[in-house]
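J.: Listed below, chain by chain, are the residues.
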Amino acid sequence: MIDVTVTVNGSVRRAAVPPETTLLTLLRDNFQLTGTKLGCDVGDCGACTVIVDGMAVNACLMLAAQTDGRQVLTIEGLATKDKLHPLQKVFEESGALQCGFCGPGMLLSAKALLDENPEPSVYEIRDALAGNLCRCTGYSKIVEAVQDAARMRQTPQAHEAHQLEMHGQDHG
Amino acid sequence: MKPFEYVAARDSQHAVALLAEYGSGAKVLAGGTDLLADLKAAQHSPRVMVDISQAADLKGISLTDDGLRLGALVTHTEIMRSSVIRDYCPALIEAAHTIGAVQTRNLGTIGGNLVTCVPSMDSGPTLLALDAQITVVDPGGQRRMPLSALFVGPRKTSLADGQLLVDIVIPKASVGKPAAFLKFGLRKGQALALVNAAASLWVDGERTTFVAPRIALGAVAPTVIRAPKAEAFLAGLTISPEAMDKAGRIAASEAKPISDFRASADYRRDLIAVLVKRALATAYERSTAQKEHVQ
Amino acid sequence: MADETKTLTRERIALGDLLRHADDKQKLPAAVPPKTVPVEPLVPQPGQQTLAVGQRVTRPDSRNHGLGQTKYIDDLTLPGMLYAKIKRAGIASARIVRIDTSAAEAVPGVMAVITASDIPVNSFGPTFQDQPVLVGDIVRHAGDGVAAVAAVTEQIAAEAVEKIVIEFEPLPAVFDPLEAMQEHAYKIHAPNSNIYASKVIRKGDVEKGFAQSDRIFEGQFTTQMVEHVPLEPHAAIADWDANDRLTVWATIGRITLARADLARTLTLPMSRVRLIGTIVGGNFGGKNEITQEPALALLSKKAGRPVKGVFTRSDEFISTTTRHPFVMNYKTGVTKDGRILARTVRLVLDGGAYCSWSATTLGKACILASGPYNIENLISEAFVVYTNKTMTGAMRGFGAPQVCFAYESQMDDIAKALGIDPIEIRLRNAFGEGAISPTGQSLHSVVVKESLLTAAERFGWEERP
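Chains as they are written, first to last, in numbering that gives the first Met the number 0: chain A, 0 to 171; chain B, 0 to 294; chain C, 0 to 464.
Where hints are given, some of them may not hold.
[Stated by the list, open to error] Below, in silico cross-link-like pairs of lysine to any residue (SDA-like), each with a Cα-Cα straight-line distance of 25 Å or less:
(1) K1(B) - K82(A)
(2) K186(C) - Q211(C)
(3) K70(C) - R12(A)
(4) K70(C) - Q153(A)
(5) K82(A) - V56(C)
Just so you know, these hints were derived from the structure itself, not from any lab.
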């Protein structure tokens, strides 16, 4: 067994796991953080995307042992107790997700992008999300939502104006 | 995955010692983006996973007396963000960008890409076109050799058990050499290459003659290969679109593409001709901005 | 006690008096049946805003999705839950000579192993019950399940599955539906023909129509097998209570059908089967019937603990339904100005190893095969054929996308050959209000022409180079 001490969403967590345990299994089974999803288990679909030391990675392709001493952010850590992350807010308002399964991975990839590039172009957004597959939406609303969230972080007023333009009236 | 033991190496020396201890029962883990996916499909796991991903001396990008050094653990994302590489070998950035997606590039390493040694590897062609050298270390010491000596066949390198790839060096003579890389896959992201093509060339003072042209092809032979006949055709020739076009067609004849469910051999040959021509044209355009190579 | 009763009674009478008294005072009219009041139907006019119609709302599931709080089946655990894995045949066509599960059963942590012999009624299917839950004798495609294991961890279940020994006697196999249709072809569901459903629509006189045509066009069009690839794999949990009632949580869209199939395969009264259709991570038609659920239920019964099964991505590709490949032959007779006078269509659907939703797909494809065009003389013939490949079933469009590809491709071919603008030729043939469908239905709210013209304008058809 390998002892892993890893900071997840700001809290130090410990587990003793077989060496072949992936970060994905550690999060879902050992820490009961089931927001991170298993879609393919081989790093093709991105449903297991989490942020490790600021980098978006596929949790299914990292061993739990490799996260010892590191910081991991999962979808459960994106919102605070009182506030949704702008991305979560915009995804919700614009109906960017349908079945929702790709959502956690998509949101974290988008967060990693905006943290590094606050004003991404559509090309840059698509490039950043290329590792997150979605079978329901056709991606358009997701890309627009990321653009809108970027706008929102720059100026909340710009976000409000965009919402009005897109959706007509204020639906609160 | 099937169970395995795990041990983390502190540095390359420790890694070599661990590999010597565990022999053929060990597998080296760097980024894991190929290895772990393979193990999940495989019927067996290694006895021991030797994790080198934290070995600091295998990281880093720097200009040295030898040339431009990339540690084996440099990730594709690090390559894309390196100002040194952007200044002297932007084609490496182009190549790194075509690999997988952000998540795979954040973990995947250039050493891992070379050592996994699939014919469609995206980092090999540009390095080959820049006459890259590699450093290999084992209990007996360390050796420098041409990158081409690493590639033996699909998923087969010349590395023996216990040997570790330490770094890749683009020799001084190639640092700043105008180069370009093109990949053709069935999608813009997360796609295996049908054809990879890289070209590098110096030009003479008037920018009218090909000097030291190099062409490398991927996914169209058992390993990444050079196109020596096309190179010989171009060397010393007056630069023209027609010359680049002909070189592309010669290069296509030097490849051995297969037909599979992704494409026919004929289609791949067509692609080679076009991609080589375009890579040469882009490399030539870059020669206007060519930096004086480090003397 | 007695005193209390008296008091109560007295009070009750008093209340009655009080009410009668109140009635008299009110001078209420005698009871008369109410007159019927005409009710204005609430029909919103186009563009009219009502309380609901036209309002923008946020999806109620969006909040949970964004927070990662949505619970899909693999996010659920029950106390003592076991994990199941299924052994796939790995061979397209074979007879099972021998199955030896003893090595699997001996693996520590394995709590139950089942094979076909454990299944009370080993057949299911929405139209024909031709699919086994687990194969007992004849394997018909490589993804056929042959045995199932439940263990305390997924890893142990996966290891145990590998230890199951199966001896196969390979049988002939047929992979091409055109070949499978032939008389001499190997019969996949012997003694039945490989053609397991067919449909024909006849209208008018095609011979006459062709005779009157200026040009006749023939073409063969084929489409490939497509897998839904829902991000969430098929998953289910089965659990029994002490009253022998089965509860199954499943990623299934058609829960009433699934419940019936569970009752049938497990010989349970429906009243003992509770099926909970959970939030699903993508369906697209591929999660409309049971797959592993009866096997999970039996594993759970044997082990005395809840059992969860989640398909691997590999299972998704080889063991779940896919979109039917079609081979389509179109013969169309037209006048020189592009009006269709006659059309014959022959569709061969690659029906995979089992029927699943093929009969429905067949019917829909056959009816839609001639396209949204006025054709007086028509024969549409469709066949669905067994092959030793992954099951083909429902997938968005249900037979429509394939035929659309064919008739629209041929329409372009015809337009090009006759030198007619592709939109113009369609306008000349398209359904209008009141058009009659191939099966004689009178169609209303027909907007084919309007849609074509609006789309053409929107994407700048006239401005194309």
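J.: Determine for every hint whether it applies to the structure shown.
T.: Hint check:
1. A threshold of 25 Å between alpha carbons decides the hint, and for K1(B) with K82(A) the separation of about 42 Å lies outside it, so the pair is violated.
2. Straight-line distance between C-alpha atoms of K186(C) and Q211(C) comes to about 42 Å, which puts the hinted pair past the 25 Å bound.
3. Our distance criterion of 25 Å between C-alpha atoms is met by K70(C) and R12(A), whose separation comes to about 23 Å.
4. The suggested pairing of K70(C) with Q153(A) is violated, with an alpha-carbon distance near 33 Å, which exceeds 25 Å.
5. Using a Cα cut-off of 25 Å, the hinted pair K82(A) and V56(C) holds, with the two alpha carbons roughly 21 Å apart.
Going through the hint list in order, the structure does not satisfy hints 1, 2, 4.
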